[in-house]
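Sequence lines, in order, name chains A and B.
Mapping of the first sequence onto this note's numbering: position 30 corresponds to residue 30, and the numbering continues sequentially without gaps.
Offset between the second sequence (1-based) and this note's numbering: plus 1000.
Hints listed in this document are in silico derivations from the structure and should not be mistaken for laboratory results.
The reader is advised that the hints may include incorrect statements.
Partner residues are not named here, just some residues of chain A that face chain B (Cβ under 7 Å, in silico) [stated by the list, open to error]:
id, residue
1, Trp7
2, Arg10
3, Val11
4, Arg12
5, Pro16
6, Tyr19
7, Ala23
8, Val27
9, Gly272
10, Gly286
11, Ile287
12, Ser288
13, Ala316
14, Arg345
A few chain A residues that don't get close to chain B, going by computed Cβ distances all over 12 Å [said to hold, decoys possible]:
id, residue
15, Ile8
16, Ile244
17, Glu292
18, Gln331
19, Thr358
Chain B regions said to be covered by chain A (calculated; three or more residues, Cβ under 8 Å) [claimed, not checked]:
id, segment
20, 1015–1027
21, 1136–1145
Computed from a predicted model, the values in this text were never measured in an experiment.
Ideal Cβ placement from N, Cα and C applies to all residues, glycine included.
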Amino acid sequence: MTDHRSWIARVRSVRPPDYWDEAVRRVPFAGPTREARLGRGPSFLLVVASLLVVGVALFALRGLVGGQQRSGNGQPADAPERHVETDWFVAGLPDGWSAVVPTGQHLGEGVIAAQLTNFGVEELVCIGGGEALPSDGVVVRLTIGSEQGWERSLVLPEMDPALADPVGPGTFIDDCGAEQKLFGMFFGPDGHQMTAHVLLGFEATTADRETASAIVSSLEPTGHEPAPEPPVWRVFADGHDPVIGRWLMTFQPASGGRDDGIFFFSKDWTIGIPIDDGARNALTNGISSGPEGQLLVIGSAPAEAADIVLEVEGAAAQKGTLVPLPRELSQLDLVAFFVGPFSGRLGVEGTELTPNATLVALDQGGDELLRQRLPE
Amino acid sequence: MTTPDAIEAVYREARDRLWWALYAYAGDREIASDAAAEAFARALSAPNNIRDASAWIWRVAFRVAATELRSARARPVELEVGSEVDFEVDFEVAAVLAALRRLPQQQRAAVVLFYLDDRPAKEIARVMGVTPSTVSVHLHRARRRLRTMLGDDDDRS
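So that you can see chain B by itself, here it is in the shape it has in the complex (with noise of 0.2 Å):
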């Protein structure tokens, strides 16, 4: 089971990239940062009842986000270039967050696990529940979409 220290562990190791993913995945600072906080809250309320406490975390992580973005669909964002909306990225961050936006989300959560965090196509199927072979086939579009919008000629797979 886990203790308070392997959950501040996994922070000291994973705080970038949980970040950086959930940032991506949502588009959006505030998001990105409470989701991760909260991931972390939750974790550290109960760490006798988690046995994998980096899976753990990053999974209610993006279930966190996922949640607070359908709350903000009711106020949509649509990021652009140029868009005062989140003044601290530059323009070309942007492009990249806008271009993101645009993937469905859940070929957005397999782009940016899959890039951001380099995770292979199981894990990635284990945070957002789906099968690896859908994975692959979210990655494959979000791929075509990417290289549509950004000019993306990567084939990594």
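Here chain A stands alone, though its shape is the one from the complex (with noise of 0.2 Å):
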């Protein structure tokens, strides 16, 4: 077999069966009655990968987050943990969360699983997220105590995500009517399987602390077919950089048959790459593009890497930020890095950039460990 055609004819020369009439059969069945015969369930897992988002979505609005990362000099900083973590629920939460309450509620078809906790002194914030499709009206509804707080249809005919950009989570933020209320809502950074979720900061009293114990919220009609296997992303860095904004690192583990996963969230790129066990002695990286055609690298490069060098050709040498992968996470023992942004051009598909441009991995002595040209 000497190259793709090959493979390719002889996969078409199978012949494929008319599956219309098949379709046409399936209709009264399809959908939430098929999930039901599958005997699946919405997925909390989906549920997890959505607060994360909210999570992110926190950084951004309330800026209350530093930073666990080395920089230049590849020292970590001094940094508190600010890594929260419960049976199900595992992200990156500001200063200042002192309670991490799940009250998970299935209602209808959907699931949504919603989180009160105190924010700061006076404050509390609910976190729900839920599953729905593109086309799915979505309606949140927030109760305190038996008092309903609003309600309002999440998924608006023009934000359909089968459109939206699938680079990065959308972000849309509304005023809920009401002083110091937020509300956000935030689509998963797959960008088909809509991801609603409500964010809600507002001040509140003892009393309202008491009561607010309650989300009620529906999804209706949801019950599609999830995303495959939603990823549990664990947030392992975070931190501010004064050109990208506020920035997170987590980590995806192997599932499904999928490798390893590094992401970068900020609030212009949402970068993946897969790792696996030829990342121990290399430089893997992705590269996104962000706005005015700015582009941004992540990647991994082996434990000894001290410094990351981008050296774009007609730009200054950029270094890079280096954020040591925890070895609880993974075996790899590496370190993730992110270094830019650059004026670029990504072309033929993400596999050709121009201008050209070399990754540089040195050690501590400033020797160097590994050179790469990007985008390999």
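Combine both chains into one complex, guided by the hints.
Below, the structure is given as structure tokens:
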């Protein structure tokens, strides 16, 4: 077999069946009914993923996070632990969060999980996550005690994520109408599997805290196929970059045949790269376009790397920000990094880069460990 | 919004391509046929809610196939040359499917959509729910592995 055309031709030599009649026959049973038939319910893991996105948005909204990172000289910076875990929720949370109370509720065919926690001294924050397809009508309703706080349809026609930017989560912020209330809708980074979330911060008295124990939300009709094996993302670093703004790096363990992955989130970039054994002795990387043609590179390098330098033709070299990948997350002994942004253009489906750019990994002594031309 | 006629038009236009892609992705005729039929059934059950029928159907079909593959893992089937698993495919097809099956799921999806359906990375990213650059990484790695397994010297990028 000498080229790809050969194996394509072989696959295409198999005659497909006519499955239209079968599709028509199934129409009354499609969607939620099929879910039930297969014995699958909506996935909490998707909610976990969605909650992470909420966490990311929290960073952007509230500006309360610092960073556990090392930059330039490769030395770790002192930073308080801000990662909060429960049995099913893992996300980076800003300072000031003193409690995480999972209060998941199932309603209808959909699923919603909500959390209430202190946010600073006077505020409560509730985070909800649910799943729905782009075409689903989603209503999220907040109830404080017996009083309905507000109700809102989350999915507007023009927000059909089939047409949305698949690169990053969309964020829509709205004022609930009362002082100091923020309402955020965050759409999952996967673009096609709409994930609706709700974020609310409000002034709260002690009595409010006692009574603000219920979030009643509904997702309808939902019940469609959830995204395959939604990831559980572990936040292992976050920080603020003067150019990029607030950022977050997460680790997604291998599942469903996928390799481990490292993801970078910021306001303008969402980049993910798979890592496997081959990363132990290599510079892996992913590049993504941001605003005004600016490109950002993330990647992994062997743990000996103390500096990552991006050499771009015709521009000054840039040093990257390095973050050790915690050993409890991966045994690969790597550092994750991001570097940029820089001006450039990705062509031919992301496999060519103009101008020429090269990543160089240096050890503590400044000696070159690895060099790799982008985007390979 | 989409109409049943539009969905049927998608079927006429994409019937074979979708099935081949699913077949290569799943390595299983039944899963391919089931996922394809299910995607169209879901589209037909709520056409008014769909803006881009073709994109929607491809996404759902791959999602259904991925789910069914997960279910099938309880009864793993290693498709090999000469296997009796699918007696309707010839040896060379079986070899291709076996090689594809050894790719991680994401790499397999990327390479199938790229080669069998000629989709650009941006569209593949939408189907897979990842970024285009991630697709490029998956493609690069898939090519490398396929080259090893099949002797494929392809360099299309």
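Going through the hints against the structure:
no. : hint      : in the structure
1   : Trp7      : 4 Å, holds
2   : Arg10     : 5 Å, holds
3   : Val11     : 5 Å, holds
4   : Arg12     : 6 Å, holds
5   : Pro16     : 4 Å, holds
6   : Tyr19     : 4 Å, holds
7   : Ala23     : 4 Å, holds
8   : Val27     : 5 Å, holds
9   : Gly272    : 5 Å, holds
10  : Gly286    : 5 Å, holds
11  : Ile287    : 5 Å, holds
12  : Ser288    : 5 Å, holds
13  : Ala316    : 23 Å, violated
14  : Arg345    : 13 Å, violated
15  : Ile8      : 5 Å, violated
16  : Ile244    : 16 Å, holds
17  : Glu292    : 17 Å, holds
18  : Gln331    : 18 Å, holds
19  : Thr358    : 17 Å, holds
20  : 1015–1027 : holds (count 6)
21  : 1136–1145 : holds (count 6)
The structure does not agree with the numbered hints 13, 14, 15 stated previously, though it agrees with the rest.
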